[in-house]
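Participant: If you want the building blocks of each chain, they are given just below.
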Amino acid sequence: MSSVRIVTMPTNPPEPIAIGHESPMDRPNLSDRRRQSSKREAALIEGLKAGDQEAFEAIFNLYSPRLYNVAHRILGDVADTQEVIQDVFWAVYRKAKSFRGNSQFSTWLYRLTINAALGRIRRSKKNKEVEYEEFLPRFQQDGHHLISPVIDWSDTLDESYAKQQVQGFLKDALDQLKPMDKSVVVLSDLEGISDKEIAAALGITVSAVKTRLHRARLFLRGKLAVQLGHSAA
Amino acid sequence: MARSNRGQRIPDAKTCKQVTGLVSDYLNDKLAPAVKRDFQHHLRLCPDCVSFLNTYKKSVSVTRSIRPEEIPPRIRDNIVNFLRARVGKSGRPS
Chain A
1 MSSVRIVTMP TNPPEPIAIG HESPMDRPNL SDRRRQSSKR EAALIEGLKA GDQEAFEAIF
61 NLYSPRLYNV AHRILGDVAD TQEVIQDVFW AVYRKAKSFR GNSQFSTWLY RLTINAALGR
121 IRRSKKNKEV EYEEFLPRFQ QDGHHLISPV IDWSDTLDES YAKQQVQGFL KDALDQLKPM
181 DKSVVVLSDL EGISDKEIAA ALGITVSAVK TRLHRARLFL RGKLAVQLGH SAA
Chain E
234 MARSNRGQRI PDAKTCKQVT GLVSDYLNDK LAPAVKRDFQ HHLRLCPDCV SFLNTYKKSV
294 SVTRSIRPEE IPPRIRDNIV NFLRARVGKS GRPS
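One line per chain: the protein sequences are A and E, in this order. Each step along the first sequence adds one to the number in our numbering, with nothing skipped, and position 76 is 76. So our numbering is basically just the index in the second sequence, starting at one, shifted up by 233.
It should be emphasised that the hints constitute simulated quantities derived from the structure, not laboratory data. Mixed in with the good hints, there may be bad ones.
[What the hints assert, rightly or not] Derived BS3-like pairs (lysine-lysine); straight-line CA-CA distance at most 25 Å:
#, chain 1, residue 1, chain 2, residue 2
1, A, 95, E, 290
2, A, 210, E, 322
3, A, 196, E, 263
4, E, 322, E, 291
5, E, 290, A, 163
6, A, 97, E, 322
7, A, 39, A, 95
8, A, 163, A, 97
9, A, 171, E, 290
10, E, 290, E, 269
11, A, 39, E, 263
12, E, 291, A, 178
13, E, 247, A, 95
14, A, 125, A, 95
15, E, 247, A, 196
16, A, 178, E, 290
17, E, 250, A, 210
18, A, 210, E, 290
19, A, 196, E, 290
20, E, 322, E, 263
21, A, 178, E, 250
22, E, 269, E, 250
23, E, 290, A, 49
24, A, 163, E, 291
25, E, 247, E, 263
26, E, 250, A, 39
27, A, 171, E, 263
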């Protein structure tokens, strides 16, 4: 038996598969492209290991935009991001031979970048993170929402605010996540990386990735709700 | 929380709190069929959870729409110059 309080009858529940990263229809072309690019990538990695500076430059051109975005989202500061990215690529050049291919090359690069960025935050102690609790959903003892009705502001958001303004709210909220949670959100929702690859890059389990991602998304939703004048609960 | 024949824990989707905890798996279509049925049954009866689900989806889609931060040309030049100087000094990587 359901323990839900019945308020109104029925609307069709929203369908799943709304936030996945790729639709099945994309897959044939995607896998062709992936095969080609992984072949090219393998050649570049071999070149890099042999000390080929053109291969290093090609790898820099290929990955620096993504790694810059990741590092900047985590650090929020251009000068810090520059230092992290130059240190990461310098490490890539020096340590290429230590890449054994046990994970994807991109996973290795993300790991170097995240470690460098998180290390920098630890050292600087400039972290702006806030307590999550205030922005998470809250429930009564029997499991119902503490505050009812929950306002559905999803449709009115685009009508009331410019896209850039809403993204600005979210960027501010992202900056308040704990660094590890922010890394998970950036890799998952901004870079579109799989939970498995994120787990490998961050050295945590897939289950821990899912837990962190869900909690961080709940916090971001709560921050956005409050910003729009509603309750986070 | 129930257990499957293999002893794995199967989450419940009967209260708002339980449903909220499963929203991400629901949207990625990762719920076991029985749990998904309970989840959808709950949604049919609970407008609060429908609102919650819609706003959760919306905040994820806004997060995903944030444009990538591009490397400013000056910063890219600084990084390239740094690397050229280091690589030039070191020659081949060891």
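Participant: All hints, please: hold or fail.
Facilitator: Each hint, compared with the structure:
no., hint, result
1, 95/A x 290/E, "violated, 41 Å"
2, 210/A x 322/E, "violated, 44 Å"
3, 196/A x 263/E, "holds, 15 Å"
4, 322/E x 291/E, "violated, 51 Å"
5, 290/E x 163/A, "holds, 16 Å"
6, 97/A x 322/E, "holds, 19 Å"
7, 39/A x 95/A, "holds, 21 Å"
8, 163/A x 97/A, "violated, 45 Å"
9, 171/A x 290/E, "holds, 17 Å"
10, 290/E x 269/E, "holds, 17 Å"
11, 39/A x 263/E, "violated, 32 Å"
12, 291/E x 178/A, "holds, 22 Å"
13, 247/E x 95/A, "violated, 51 Å"
14, 125/A x 95/A, "violated, 28 Å"
15, 247/E x 196/A, "violated, 29 Å"
16, 178/A x 290/E, "holds, 21 Å"
17, 250/E x 210/A, "holds, 17 Å"
18, 210/A x 290/E, "holds, 16 Å"
19, 196/A x 290/E, "holds, 22 Å"
20, 322/E x 263/E, "violated, 52 Å"
21, 178/A x 250/E, "holds, 23 Å"
22, 269/E x 250/E, "holds, 15 Å"
23, 290/E x 49/A, "violated, 43 Å"
24, 163/A x 291/E, "holds, 12 Å"
25, 247/E x 263/E, "holds, 17 Å"
26, 250/E x 39/A, "violated, 47 Å"
27, 171/A x 263/E, "violated, 28 Å"
Violated hints, in rising order: 1, 2, 4, 8, 11, 13, 14, 15, 20, 23, 26, 27; the structure is consistent with all others.
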